[in-house]
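Start from chain D and add chain Z according to the hints.
Order-wise, the sequence lines are chains D and Z.
Going by the UniProt record's numbering, the first sequence opens with residue 1, and the numbers climb by one from there.
Going by the UniProt record's numbering, the second sequence opens with residue 1, and the numbers climb by one from there.
Be aware that a few hints might be false.
Any copy, or any two copies together, can satisfy a pair, since identical chains are not distinguished.
[Claimed, not checked] Lysine to any residue pairs mimicking SDA-like chemistry, simulated, CA-CA at most 20 Å apart:
id	residue 1	residue 2
1	K199	S62
2	K259	N294
3	K188	E227
4	K216	E56
Simulated from the structure, these hints should not be mistaken for laboratory data.
2 protein chains.
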Amino acid sequence: MSLLIVGTVAFDAIETPFGKTDKILGGAATYIGLSASRYLDKQNLVSVVGEDFPQEHMDLLSNRGVDLGGLQIKKGEKTFFWSGKYRNDMNTRDTLDTQLNVLGTFDPIVPENYKDCKYLMLGNLMPSIQQRVLDQLPNRPKLIVLDTMNFWMDNFWDDLIDALKNVDVLTINDEEARQLSGEYSLVKAAKKILGMGPKNVIIKKGEHGALLFNHKEVFFAPALPLEEVFDPTGAGDTFAGGFIGYLAKTDDISFENIKRAIIHGSAMASFCVEKFGTERLQGVDENEVEERLNAFIDLVQVEMAL
Amino acid sequence: MSLLIVGTVAFDAIETPFGKTDKILGGAATYIGLSASRYLDKQNLVSVVGEDFPQEHMDLLSNRGVDLGGLQIKKGEKTFFWSGKYRNDMNTRDTLDTQLNVLGTFDPIVPENYKDCKYLMLGNLMPSIQQRVLDQLPNRPKLIVLDTMNFWMDNFWDDLIDALKNVDVLTINDEEARQLSGEYSLVKAAKKILGMGPKNVIIKKGEHGALLFNHKEVFFAPALPLEEVFDPTGAGDTFAGGFIGYLAKTDDISFENIKRAIIHGSAMASFCVEKFGTERLQGVDENEVEERLNAFIDLVQVEMAL
Chain D
1 MSLLIVGTVA
11 FDAIETPFGK
21 TDKILGGAAT
31 YIGLSASRYL
41 DKQNLVSVVG
51 EDFPQEHMDL
61 LSNRGVDLGG
71 LQIKKGEKTF
81 FWSGKYRNDM
91 NTRDTLDTQL
101 NVLGTFDPIV
111 PENYKDCKYL
121 MLGNLMPSIQ
131 QRVLDQLPNR
141 PKLIVLDTMN
151 FWMDNFWDDL
161 IDALKNVDVL
171 TINDEEARQL
181 SGEYSLVKAA
191 KKILGMGPKN
201 VIIKKGEHGA
211 LLFNHKEVFF
221 APALPLEEVF
231 DPTGAGDTFA
241 GGFIGYLAKT
251 DDISFENIKR
261 AIIHGSAMAS
271 FCVEKFGTER
281 LQGVDENEVE
291 ERLNAFIDLV
301 QVEMAL
Chain Z
1 MSLLIVGTVA
11 FDAIETPFGK
21 TDKILGGAAT
31 YIGLSASRYL
41 DKQNLVSVVG
51 EDFPQEHMDL
61 LSNRGVDLGG
71 LQIKKGEKTF
81 FWSGKYRNDM
91 NTRDTLDTQL
101 NVLGTFDPIV
111 PENYKDCKYL
121 MLGNLMPSIQ
131 QRVLDQLPNR
141 PKLIVLDTMN
151 FWMDNFWDDL
161 IDALKNVDVL
171 TINDEEARQL
181 SGEYSLVKAA
191 KKILGMGPKN
201 VIIKKGEHGA
211 LLFNHKEVFF
221 APALPLEEVF
231 DPTGAGDTFA
241 GGFIGYLAKT
251 DDISFENIKR
261 AIIHGSAMAS
271 FCVEKFGTER
281 LQGVDENEVE
291 ERLNAFIDLV
301 QVEMAL
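Isolated chain D, as found in the complex (with noise of 0.2 Å):
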């Protein structure tokens, strides 16, 4: 089923406890991308960069499935930059550059030929051009799928509530979900949430896991515990592909469905995290997901019934 991502494609810098990295491939729709293409056989892809990004990178997206026709590269400019360094707890992180570049000036353009998608992502993006996808789609897909971040909530309220009206499922982390809602208890801070227009809330708390909410149920996934976070820039992104990979691929958005997608989306991040940028995501093979699917249901499995 024909899925649309709309997100940034990038360089990132990356600085942990065990390295650094050049500018290195990065950015929102790109490991979207990566981690849905092990669901998909074609994803198609709006998004913008300069004319520095190099060929090797988009042939690393066109052999997974990526179409690039909705890809502007734009001459004479530069690519999105972003450079953060990790504490040591991998869980707090600074920015030390953000250079926008092509961003700022971003128009998304949706081709005519990606309009019937059935499938939305739309990735951590200022909340208007998220809109302005939307407002280009003749018919609303039948699932759409929105990242957000505090920094618009901060600075693009009134634009982050107008998208967020449209909006199948919000993928949020615990600190926005709280700012978003003004409510310290997750539980509370998900039915204003649900208020806001998202029929479904999953509410992601990292190495914690991630919690979905509807208006009726909700369902928690573990994170796997793992040995060692390497590096964890792209693991949201990882989450949300592998959800809408799943999705798209089962063509089934029953709450049930939406569950098995969040354990897809969480085993896909589960790599991510392992090396630098997209390192890991490029090098997973099919036995090594199923195994960790295994991984995520025996670590909940318990038998109640004596």
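Just chain Z now, kept in the frame of chain D:
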């Protein structure tokens, strides 16, 4: 099966964003006993209080099947008192006052008729006191659970390390596991701690659930997402009480049953935090426990095979 609980019986004065209490009934052994009483008709207690400890609190414990033959009542002395204030996030608390009183000279004496205990819960206490209890038992209990905290690591490291050598299950929170092991990753921390003697380690993560490790396996029990956490005091002890109460009742210490016991302990703890002190714990009925156990199971239930 006979359960012996060793721990504090105390007065607490608690302040949370929702209100404050005068001196109310508290102490690790109190919470453990009240929680375990859901599973057992009779439990033995070794502890100490002062002359100021009221009859009504002793009656409350007696009525729940807690035998007070091992409760020392020190004439002319005062009961251990702790006072604390929770911050708005309910995860951080500041100790306002600690008056050791009778606890300062506590010498735990195990009555003859307690010495054949099959299940032993060593609540959070000075490690040398925990060890002195072990030294009085002619036969090793079938299961020894020990709870501890960072204070003993800071001040009585060697005693704690000695006590850990004899333990079947160590319960500890995530920060304490990191301190005890010197490892940030909880997987690595658990491995190191298992190397110190305990056959199982339960790492309590509060609102993020609990992890169980032995040398071969790992299990994760979520915490129930609660709308309101009113007072977290005693939640860890209530967990321990439900945990060992269930194990003593079923008299099965297989890994599978330890997993079940964690769910029972988590369910009991989820009640504890809903009101101040032991209030909610006193009022829990059988149907409510059943309902909450089901909620725990449903929370992570997902059928992966399509």
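Status of the hints after comparison with the structure:
Taking the shortest Cα distances, K199 and S62 never come within 20 Å of each other, neither inside one copy (33 Å) nor across copies (50 Å). Taking identical chains as interchangeable, the C-alpha atoms of K259 and N294 lie at most 20 Å apart whether they share a chain (15 Å) or sit on different chains (18 Å). For a Cα distance limit of 20 Å, the shortest separation of K188 from E227 across copies, 6 Å, qualifies, whereas the shortest one inside one copy, 33 Å, does not. For a Cα distance limit of 20 Å, the shortest separation of K216 from E56 qualifies neither inside one copy, at 46 Å, nor across copies, at 43 Å.
Hint check: violations occur at hints 1, 4; the rest are consistent with the structure.
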